[in-house]
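*Asks:* Each chain is listed here by its residues.
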Amino acid sequence: MIEWIHLEFMKNALAAGMMLSVVLAVVSCFVVLRRFSFIGVGVAHSAFGGVALGALLGISPTLSAIVFAVAVANAIGVVGNQKRLSADTAIGIFFSLAMALGVIFIGMSNSYNVDLFGYLFGNILAITHQDLRVIALLGGLVLVSIWIFFKEFMFVAFDSEVAHVSGIPVRFLDHFFLSILSLTVVISMKVVGIILVSALLVIPGAAAAQITDRYVPMFAVAVAVALVSTVGGLWISYYANLASGATIVTLASLLFFISFGIGKLKK
Amino acid sequence: MTVAALQSSGPPDPSTPDISPDAQLLVDMSDVWVKFDGKWVLKSIYLKCFQGEILGIVGPNGGGKSTLLKVVLGLIQPDKGAARLFGQKPGKQSRLNVGYLPQVSHAERSFPVTVLDVVLMGLYQQLGIFSRVRTAHRQKALEQLDRVGMKEHAAKPFGKLSGGQQQRVQIARALVSSPRLLVLDEPSTGVDSVGQEDFYELLASLRDNQRISVIMVSHDIGVVTTYADRVACLNREIHYHGDTGPWAETDAYQKVFGKNLKVMVHDARCISCMMRHAHHD
Ligand SMILES: Nc1ncnc2c1ncn2[C@@H]1O[C@H](COP(=O)(O)OP(=O)(O)O)[C@@H](O)[C@H]1O
Ligand SMILES: [Mg+2]
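Here the protein sequences come in this chain order: A and B. Start counting the first sequence at 3; every next residue gets the next number (the numbering used here). Start counting the second sequence at 830; every next residue gets the next number (the numbering used here).
Bear in mind the hints are in silico, worked out from the structure with no lab data behind them. These figures come from a predicted structure and were not determined experimentally. Each residue gets a CB set at the ideal place from its N, CA and C atoms; glycine is no exception. Honestly, I wouldn't trust all of these hints.
Some but not every residue of chain A turned toward chain B, in silico, with C-beta under 8 Å [to be verified]: (1) Asn112; (2) Ser162; (3) Val164.
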C-alpha cells in the first residue's frame, strides 16, 4: 500500500501538502488566537476574484490572486476598523464583492485555458515543480515573517488594547498578518482549493487550542494535525477515489472533534 | 482647595491644581467631548495630571471613567477637543512608557500563555522586534510578580487564575517596563482587602521615589481620599477636580451637588456625586 507515494504527481502533491501543512498550521494558530477566523474565510474566497482576473488578463493567476487577496485583506482591515462598521459586516461585503467580481471576470474572459474548477476545489494532478518552488519560497517568507514578529503577534492577539498602549504598532501588525494570510491562501489554492482552504486556516489551530494551554505545544499540535490531515487525506483520496481537498478537510475536522472531546474530558 | 473656593469659581473646575508651576505636565485634556450612539458620554472635560502625583477618578457606573482613560491613552478619539500625553497626541508617540491596567481585559481565558509570559509582554516594546526574551527579563518580570504577591503562580496558565489574580498579574505587567505614567482602571477589584494597603503603599512609594504619576479609577472612596493627591469626580462632566483632604459640610456644598443628599463618609464629595446621579436616574 505504498506504491501511491511513487507516483510522480503524488510525490509533488505530498511535498506541496507537507510544506503547506506547516505554514497553514502556524498561521491558523494566530487566526484562532487573534479571532480572525471569519476574516480568513473572506480573504480565501476573495482569492477567487484574483484568479478570475488573471484568466481575464491572461497573466499568472497566482500573481493576480496574490495582488487581489492582499488588497482585499487590507481593505477589510481598514474598513473593519471604523467606529461605525463592525469587522464582520466589512468582511461579509468584501468577500461577496470579490466573488461577484470573479464571476463577472470569468464571464468576460471566454477563454477556458485556466482550470477554475481546479483553483476552487484543488487539483493535485496539476501541481508542477514550479508550484513547489513557489510554495517553498512564499511559504518560507510567511514563516520567517511570523518568526520575526512572533512576540508582537502574541501580545496583539492576547490584548490588542494593552499592546497598543505599550507602543506596539497594532494596526500595522494586523495588516501585515492579513497580507501573509493572503499569501498562504494563494499558495494553498492548487492543493486544497479556495473553497476549502479557509477550513485549514482555522481547524489546526482550533484543534490544538482544545488540548493545550501553552503556546509551544499549541503550535506543535497544530502542525501535527495539519500534517496528518494532509498526508492521510491524500492517501485516502487516492485509494477511495475521493476529492483530495475535501478528504483533507474532512479528516482535519474529525481530528478537531477528537481533540475537542479530549479537551472536554480533561476539564 | 476648599468648598468656598469651589463655590466662587463654580463647577466644573478646569483650574490648575496647587502644584508647583514647573512640575511636568504628563496628561492634559482640554474641552474633550465623546459620544457613543448619539449620546454624550464625556462633556467638556478638562483634566491635567502632573509628574509625581496620584490622581484619583471617582464617579458612578457609566459615568465615563473608563472612556476618559481610553481617551488619554489614544484608544478612543474624542469627537471634540483634544488630549495630550507627554505633550503629544496620544498613540502617535512611539515609546509611550505608559503602564495600563484595563478594567475589562480582552484576553481570552483559554489563551495559551503562562502568568510569566503575560508579565513579559510589558517588556516587548522596549525589547524591540528582533530581540528575544532573556533570563534578565524573566528576572525582572518575576520581581514584579513578587510585588503583587503572584510569584509562586509564575508558571501557571494565565487562564487558570481567578479574576482578581489575573488583574494582579496585569498590574505586574503594567509595572514591569518602569513606566512614567500608570493608568489603572479599578485596580481594587484585583487587590483584596489584605493586599490592598501594600498595593497602594507601593503606588505611593513609586510616586515618591521614582516620580511616577498614577491615574487611578476607583470605586473605593476611602482609598482615593487616603492615597490620591487629587481627585476628579466624574459623571459625564467633571463635578469636582481638586485636592483631597478634609471637607467641610456647608451650604455651598449642597448648592453644587444638590439638596437632599446625606453625607455618608468623612469625604462626601464623591458619594454625593453618585447620589446625585442616582436621583437623576
Ligand atoms: N464602545 C462603546 N460603545 C458604545 N457605548 C459605550 C462604549 N463604551 C462605553 N460606552 C457607554 O459610555 C458610558 C460610559 O461608560 P464607561 O466609560 O465604561 O463608564 P464607567 O467606567 O465610568 O463605568 C456608558 O453608558 C457605556 O454604556
Ligand atoms: Mg469603567
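*Asks:* Now tell me, hint by hint, if it's right for this structure.
*Replies:* Here is what the structure says about each hint:
1. Asn112: violated (49 Å)
2. Ser162: holds (7 Å)
3. Val164: Holds: closest Cβ of chain B sits about 6 Å from Val164 (chain A), inside 8 Å.
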